[in-house]
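Q: So the sequence lines, in the order shown, correspond to chains A and B.
Adding 4 to a residue's 1-based position in the first sequence gives its number in the numbering used here.
Adding 1 to a residue's 1-based position in the second sequence gives its number in the numbering used here.
Bear in mind the hints are in silico, worked out from the structure with no lab data behind them.
Some hints here could point you the wrong way.
Straight-line alpha carbon distances no greater than 27 Å define the calculated BS3-like cross-link-like pairs of lysine-lysine that follow [stated by the list, open to error]:
(1) A:K13 with A:K86
(2) A:K228 with B:K273
(3) A:K228 with B:K415
(4) B:K273 with A:K223
(5) B:K134 with B:K154
(6) A:K136 with B:K119
(7) B:K154 with A:K34
(8) A:K221 with B:K119
(9) A:K268 with A:K360
(10) A:K223 with B:K134
(11) A:K64 with B:K134
(12) A:K228 with B:K154
(13) A:K374 with B:K232
(14) A:K113 with A:K304
(15) A:K223 with A:K304
(16) A:K268 with B:K227
(17) A:K221 with B:K262
(18) B:K415 with A:K260
(19) B:K80 with B:K16
(20) A:K20 with A:K113
(21) A:K226 with B:K119
(22) B:K415 with A:K226
(23) A:K374 with B:K227
(24) B:K154 with B:K119
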Amino acid sequence: MNIADIADKTVALAEKSGATQAEVYSIRVKTASTYIDDDIPKIGGSLVEFGIGLKYIIGKQIGFTSSTLAQETPEDVVERAKSIARVSNEDLKFVSLPEPKKVSGSPDKYHDNDTAAADSTILMEKAMEVVKGASADNVTVPNGSLRVSSVQYHIRNSLGVDVGSKGTIAFGFFTAKSEDDSGVGEGVQRCWSRELASIDFSNIGEVLKSQALSVLKAKPFKEKWDDAVGVLAPSEGSEILYGLVAFAANGENVNKRSSPWTDKVGDVVTSESLSIVDNGQSERGLLSSVVDDEGVPTQKTPIIENGVLKAYLFDSYNGNQLELSSTGNGIRRIARDLAGRFTTPAVCAATTMEVKPGTKSVDDIIGEIKRGVYIEHFAWPIVDPMSGTFSNEIRNARIIENGELGNPIRYALWVGNLYESLKGDVMVANDLEVHNKRVIPTIAFPNTEVVGQ
Amino acid sequence: MLDMMTKVIQEIPEKDVSFADMRQESHASTQIMVVNGDLRRFSEATKGGTVARVLVGECWGMSSTSESLSLEICKTLLKDATRSAKANARFSRKPLDFSGVQPIEQTLWQKCKVDPSKVSTEEKLEFVMALDKSMQTDARIVNRNSIYTDEKKIFRLVNTAGSQLEWDEIRTRAVVQPVAREGNTMQFNYDFRGGKTGYELVQAIDIEPFGADCAKGAIELLSAEKSPSGKMTVIADGDISGLIAHEVCGHASEADEVVKKRSFLTDMAGIKVGTDLVTMVDDGTLKEYAGSYPFDSEGTPSSRTVIIENGVFKGYMHTIETASLMGVAPTGNGRAQDYNRRIFARMTNTFFDVGDWKDEDIIADTKDGLYVVRSLSGMEDVVGGGVQCSALKGYIIKNGELTQLVRSMTLAGKVLEILQTVDAVGNNLQFAGGSCGKGEEDFIPVTSGGPHMRMEMVVGGG
């Protein structure tokens with residue numbers, strides 16, 4: 005039985021058993037992978053997973069359950085969901101599941117057949133291009149992983165939503181280790197695309213090698229700079245900016261008043277150089293699809309336009325509370341791992357965050373900075389999205405003084421408050437890259453500190 | 002099911018295959034989440050799947066499916082895994098010797114005082130609603146989040162060495178997270194209880210102070226100042242010292258990082274890496290801790306591994322493969338997130354062991370410093386030997402007394418330098434269960450712990 009038929013059958017069973025509304029999300033994921041270990045392909049893998057998630061509603065009582073249907077039938081799943089709904093408290097904020105809307109575009113618009121067909125042997129060959137590219141007497145690739153997934157999902161609800169979408173994602177993560185008499189260094193590179201063929205694996209290897217060798221020359225940073233500009237490469241800036249914006253613009257956080265941007269639509273929240281949209285149909289987005297995971301058509305939603313907060317993101321539950329439509333942001337899937345996504349109901353979340361590129365190159369931006377640090381790799385970039393505070397350990401960076409890139413440094417912390425920094429003289433470069441759920445260029449964040457160790 | 006899996010794995014036709022195993026998993030979980038008094042999620046999820054692994058030379062193939070298990074499916078998984086292993090094996094440099102793997106036949110079902118599956122959903126719901134109410138103590142608490150989860154995982158494993166295993170793991174967890182707001186300032190706090198235990202964990206919680214104290218902590222943080230930055234004397238509470246143990250020496254002691262010489266702790270056995278006060282252990286056998294289990298994902302029994310003893314580095318955590326490569330016994334640390342993910346060396350319950358200081362004496366003995374409380378997140382640096390540990394809050398110490406409350410800071414430094422500065426270790430162990438990723442993914446339940454510890458670290462106050 006195909007995933008649409010299973011969804012259809014399960015909704016019918018739920019309605020027959022007394023549900024006033026029901027929604028089924030059925031998904032099939034196929035993933036091939038290869039893991040690099042100590043310069044060789046260590047593990048080749050494949051997985052196939054199917055599952056359904058059922059939302060069973062009696063009035064305003066909601067129960068959710070999920071299953072791979074390997075050891076139980078749709079009837080069992082419906083009975084379990086019903087038993088949960090019956091004992092649930094009424095959720096007075098719940099209004100309705102989404103109504104059907106016209107969907108434009110083919111469901112397989114974001115699906116690449118060649119990527120979907122790639123098996124672990126093809127991935128092994130691609131990953132070994134990275135190893136070859138990084139190869140040097142004192143450089144190895146101790147860790148790497150490369151995987152491609154094809155996903156097909158379908159949403160059926162009792163109001164008539166009966167839609168689905170398909171997609172593909174390729175993701176790679178590689179590290180290189182360098183070593184000489186002065187010590188060790190590490191390079192880290194990730195790659196993301198909907199199309200495996202678009203990734204230049206040899207180049208990733210070259211960059212890895214260059215990063216790892218650069219760290220060997222890095223000197224411990226021992227000063228404390230109180231007013232520095234942090235210029236973050238797209239991989240790092242995307243994590244920290246997304247961590248803040250996707251939280252603050254999230255309709256659920258607005259509704260429960262944990263977002264600092266609650267009641268601030270129309271206010272200036274960042275520098276006017278910053279414009280950000282959530283684009284469910286992003287040309288390069290990994291989760292791009294014609295419908296979200298509730299079956300609502302995806303759209304392009306401006307979040308920040310020239311520094312002004314324009315809108316929040318909503319799934320149907322949170323949009324309904326404010327008598328607003330869903331913005332197509334009811335999401336279950338994550339780009340990094342599509343397996344197991346049927347086990348949770350859709351939540352309000354961003355699809356693809358696109359930052360409008362500036363006109364200047366990274367070199368131009370660096371040329372305008374008196375004192376700062378150009379950061380290619382943090383231990384793990386994080387920000388507290390409620391307060392905006394951050395303090396991240398720098399692993400791979402170069403200082404900037406009087407518009408010039410200086411020596412590589414290590415053992416330093418980049419510290420500040422991102423809400424405050426974003427209101428300063430933010431500079432946005434023109435080098436867009438895809439990183440997870442973001443399409444983002446290099447960005448310079450002002451008014452931050454660099455603390456040496 | 003075990004007999005069927007055994008039959009297939011013992012009839013692998015490929016002569017090149019030196020080892021293979023097959024693991025079937027069934028997961029069932031409950032999650033209840035209440036937000037601001039509203040039941041936001043009530044779910045019961047099940048999933049199941051099977052994975053086969055095949056070793057050819059030094060390379061593995063693995064294949065998994067969520068399909069219902071049959072003889073045919075078993076054969077297909079092994080065939081697919083063998084194909085992948087053989088393709089990789091053209092790069093193999095040496096064969097691996099798994100002849101030392103001992104067959105085990107055992108069935109172990111976890112004994113809970115109160116099996117969560119026997120507790121009514123109404124009772125669980127009532128508990129979470131009570132958690133929510135317990136945080137409703139002040140108008141400045143603008144958002145209350147309460148979560149209850151339980152999960153039961155059943156594992157069945159066979160391998161070519163002749164093992165036949167069945168076991169289960171039951172874990173329960175309760176979390177509160179209030180958000181406080183005053184003007185434009187927002188702060189959150191959290192607390193939780195969790196472990197490899199049944200519903201008795203929930204029944205032991207004194208709900209009102211559990212939530213109210215956490216809410217009070219969030220409100221106090223509204224007036225917290227920015228933490229000072231720079232190198233200073235830090236007293237870590239047990240939660241933070243546990244995080245340091247996990248991130249600092251834990252990940253670097255996972256032997257898969259050692260056999261390929263990526264870890265800065267490679268070839269360090271017998272070398273003094275800390276003061277005499279530093280002892281660190283990984284112990285997967287501790288009763289009721291989240292990181293405990295009877296067998297790892299390869300079917301090796303869990304064990305206690307001393308990593309650092311009185312400052313001297315002692316040993317690593319092993320899978321079957323790394324143990325074979327290093328000529329030691331596997332320690333039961335080969336873990337996978339689930340049937341879709343790879344197995345590699347992972348921690349269980351990792352902690353610094355106790356010293357003989359009273360916690361309050363460490364603070365009283367410190368002229369200037371920072372008392373750091375409650376972990377947020379951490380990141381290892383296996384290659385460089387650095388560390389990043391983020392904490393929720395702290396107190397400035399002046400002349401042996403706690404003074405100003407400060408918010409949100411990151412601790413960093415070079416591990417081998419930090420451990421050489423440890424000069425006071427408390428006599429009270431504190432554990433916190435959580436989830437650990439490796440290389441940014443592959444999340445598994447673990448516990449980290451430790452006593453209060455005093456050391457020199459770099460602090461960055463955000």
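Q: Of the hints stated earlier, which fail here?
A: Violated hints (numbers, rising): 2, 5, 6, 8, 10, 12, 15, 18, 20 and 21; every other hint is consistent with the structure.
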